[in-house]
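Using the sequences and the accompanying hints, generate a full structural model.
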Amino acid sequence: MRLLELKFENFKSFKGHVTVPLGPGFTCITGPNGSGKSNITDAILFILGSRSTKLLRARKLKQLIHGFQEGSKKKSGPKSCKVSMSFDNSDRFLAIEKDLVTFTKGIKLKGKDTTTYYQIDKKKSSAREFEALFSRAGLYATGYNIIQQGDVIQTSLMSGIERRRKMEDVAGITAYDNRLKRTRSARKSVEADLVLLNERAKESKRTLKQLEREKEDAEKLEIIIKEINENEISLKFRTIFDLEAEIESRREIVDKYTKELEKIDKKQYKRREDIEANQLKFKEIENEIGISGGNKARELQEELDKARVAHALAGRNAESAQNELRDLEIERKTITGEHKVASKELKTLTKELDSLNKIIKTLESKVSAKVTRLTELEGAAANNSEVVKKQRDQLEELRKKAGGLEMQRHRIEGEKEQLENQLTNAKEQVIRSKQWLDSITTDAKEADFQLKDMEIGNKSANQNLEKIKKKHKDVLKSIEKYQNELSGLESQLRNLSMKLASKEAAQRAREEFGGYAKGVKAILQCRDEGKLSGIIGTVAELGRVDEKYATALEVAAGARLQSIVTENDRAAADAIEFLKRNNIGRVRFLPLNKIHSYKPSAAALLISKKTSAIGFAQDLVKFDSRYKDAFGNVFGDTVIVDSLSNARKHLGKGRMVTLQGEVLESGGALVGGSAPRTGVGFGTADRTEIDSLSAEIGNLDAEKLQKSSALGELIDSAGKLATARQELESEKAAFQTRVTDYDGRAEEVKKRVQEAEDALKSREGMVEALQGEIIERKESVEALEQEIQNITSEISNATKDLQTIAGGKSSKNIAKLQSDLDEFREELSGKQSQFAALSAKTEAIQSDVGRLKGDLDLNQKEQKELQITLKQETQNSAKLDKELKKLRKEEETKFKQLKGLRDSRDNLHDILTELKSEFATNQELKRSRKHAMNDLKVEIATREPRLLEAKNKISDDIKTPQTVLSREKLENNKEILERKRSRLGSVNMLSLDHYRLEAERFGEIKKHRKQLKEEVRRLESLETKISDKKENKFMGVYNHIGESFKTSFKEITGGGEAWLVLENEDSPFEGGVTIKARMPKKKLYPVEALSGGEKSLVSMAFIFAIQGYDPSPFYLLDEPDQNLDGVNTEHIGRAIALQSSFAQFLVVSLHHAALREAENVIGVFMGDDGVSRLHQIQDVNTFISSLPTETEANA
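Here the sequence shown stands for residues 5 to 1199, numbered as in the numbering used here.
Treat the hints as calculated values from the structure; they're not laboratory data. Even for Gly, the Cβ is constructed at its ideal location relative to N, Cα and C. This list has only true hints and no planted wrong ones.
Calculated pairs, DSS-like style, for lysine-lysine (alpha carbon to alpha carbon, straight line, at most 27 Å):
{"id": "1", "residue 1": "K941", "residue 2": "K271"}
{"id": "2", "residue 1": "K192", "residue 2": "K1029"}
{"id": "3", "residue 1": "K344", "residue 2": "K865"}
{"id": "4", "residue 1": "K285", "residue 2": "K889"}
{"id": "5", "residue 1": "K374", "residue 2": "K362"}
Here are the in silico distance ranges between beta carbons for each label pair:
{"id": "6", "residue 1": "D997", "residue 2": "T946", "range": "45 to 53 Å"}
{"id": "7", "residue 1": "N572", "residue 2": "Q326", "range": "54 to 62 Å"}
{"id": "8", "residue 1": "S537", "residue 2": "D259", "range": "29 to 37 Å"}
Structure follows, in structure tokens:
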């Protein structure tokens, strides 16, 4: 790369456009002083980017503009200046892909301000781009290759440090310095961060230590809460399991009793038939005896009947008393067994209470000893401080108060649990009492009804005969009436059956030949055969249309005519499953419970209002209103129009069908032509008519059956009425006895009803009272729990305060002793809780023992009363038996001829007595089983809501465990966990998150600190490597320049000697570089002691030495020989000429020797107008001869 030319425009003393052509070698610029030679140097410095106007010999940039004068009012002068440098870049020394590159920099005046602009090849650029390109090419405004006027000896005069730094720039190790600077800065920054991080680590460690105790308490509480929740879930499952077991056991008994009752009912039905048959035979024989024996026999028979009734009644009463005694005895055994079990359990609980009481006393003594020891330690630790004493007394008072509250809470909870059990039992008793009352009330009503019925029967016995006659006459008339009605019904049935057969035949014909799909036919067949329920029928079946609309409506519906309407989506799903299972096609279903109502669009409404429109398709079909949504789904908003021509006027606005069957779609499509009607279509007789006929025939069949049955009953009644008169006389005698019997029974039942009502009111009052007491206990427990929680928090705070006051080793001993004391107290509290629970259980068992004892006494009392009744009824039965035997003997004596009939009658009487006895026994067993079942059902009914409620309390995502602990153990665990939670007091649960976050932060800090330490080590190592590279590079440059300096100085001075010396050879960068020089035939002097000319020679030699190591594209030297004599000037000139073969030199000089050595000489002259002008000097010798000699010029 070389500089081809310079161009100025109004730059300093140069006016207008000026071009300075530059040759490839040594170009010398000469001219008188003040002619503007150095302005060329300033122009080069200006474009290379000098940041100081002093280097450009101007105070302000605007002074670089030709003719500019500060404060001048002249407005006609230039307002701008610029300088351009053109380079040959064929070697691509500049980082631009061009052979010729021109840099332009200019200044423009804008008012009082100036603006600077940059261009590269006439394209806009920037100072930063200029600097980047020039620095890569080694061109700097302050570089060693540019020496301004008077600065030639600066290299000799600079200090050793400055000279070393100059060599560092040449060596290019400034980059090392920058890297070292950045590395040191980074290391210091990292070390500062490390110091800060160490402080943060200490702070974080202190914080972690502070949070450690809170975190431990929070973790303990978290574990306790988790265990409490798990225990609560187990308790809920325990409740569920217990309730399920209770319900299941009761259901098994109910099922067992149900089966037993079914067997009893079958037996009773057979016994009732046997009794009725034998009673009929017995009455017939009695009637024969009465007819054969006359009035005397009838009177004797009446006496016998009375005796038999009274004997049977006494026997039944005795048997009833015997049964009740048997039940009471069973109940007594059961109560006795329960009483023994309860007494035994009470005895066991009493022993457990005594044992537990001893353990509690032992623990109390241990706690007392620990408390005494703790008091001694706390007193000794604080040197009998009043503060500690007061704090300790407060703490002990709080602990006593907390213990008392715990005991009170356990006691109240035990009472509450006992009351809840009593409430549950009371509720069950209320339900049983209600059922008992209902049962007894029903019995009372039945007894009253029977009593009234019997009284009426007794009063109307004499009138019954006339009534029977009248009834017999009425029955005959009714028989005639029913016969006529049956004849009419049979005629109607024949007509309707023929009509139905015709309709069904037509329907089957349509189904078989009407084009239904295979799947539709199969579904309809299943419907008709009753194999599928909920199938109503096809759309075609359910609708009827006028013949004139049939074509249009069938086209409008299309394939949807075969859609099957169902009652609901379940029926549709079953039908679909049937089709899939049998692989017989697909069918469209319309479930009435799911399909939506269809509303016509606005466009369809507008079309329907046109005169050519007949109406919406679904409005032209007759169907049951239930199927409105189904037909809306089939037809949608299709409008029926009279003709195609009229329909085309509205084409694209909605769906239309003409009467001829053309279809006009809403999208604009038309479908039409000639096509045969499909077999599927609306008919004149729909499925509903067939169903209606079938229903009507069914109703008539039912009516016929009913009337036939009634007719048969009437005929049977007529036969029975004929023999009823004979029965009435014998029946009349038994009425009075039965009335008396039921009268007594009715009074007894009324008395039991009153007792049941009283018991119900009493138990309902008990339930209400128990509920009130439970609410009070709950409120007391909640208040105590809150007070315990507050006291526990106060204890925790007081303990911490006390330990803080004690401090030191004593604090640790106190804390250890306090921990042991807390464990003993926890164990003591647990035992006290068990004691309270056992006490409550013992009280409940004692109450049960007392109740069972009362039940047993009542049972014994009732048994005594029944034994008296049994004895009386047995005696009465024996007495009546004697009387009956007497009457029979009399009957046998008086009526021997009737012996056969009497024997038959007596045998039947015995059979009837046995059958009735067995029947009554089974009825009593049935009644007792029903009562037991009712009780069990009540218990099931009361437990099922509790079971459902218990299940609802458990979330669906919780799995059911295989096994669960007993309720007692779970309750005990609950008490222990609650005490542990209470002992922890107020716990900051947020400390877990705080500790976790702080631990993560501390971990990050340690990790970051490790990284920073590694980074410091890395940066220190990097510093060492960079320093070593820097020193090696510098020493290489130093040695090379030193050798070149020796050679250059020798050549310039014609035999002189000079060399470079490091001030600190061990650490070159801690010292400078000095120069030692000896001129030819002179002594060795330091460079500072040389003359000005000699210093110039040293400087030039140094520049040439640097040029030998790091050549610059060009060198700009402004009067480097101004301090030299003629001989040395020639030496400098020859040296420059020699060096110009390696680089381009631009030298401003007045010496003739320099002009002679130059390849190109440019003269600068200034006219009277103050404008510098250039002249290319072709003949240097002639030019020099025209100039005064240097001696004359100097003179």
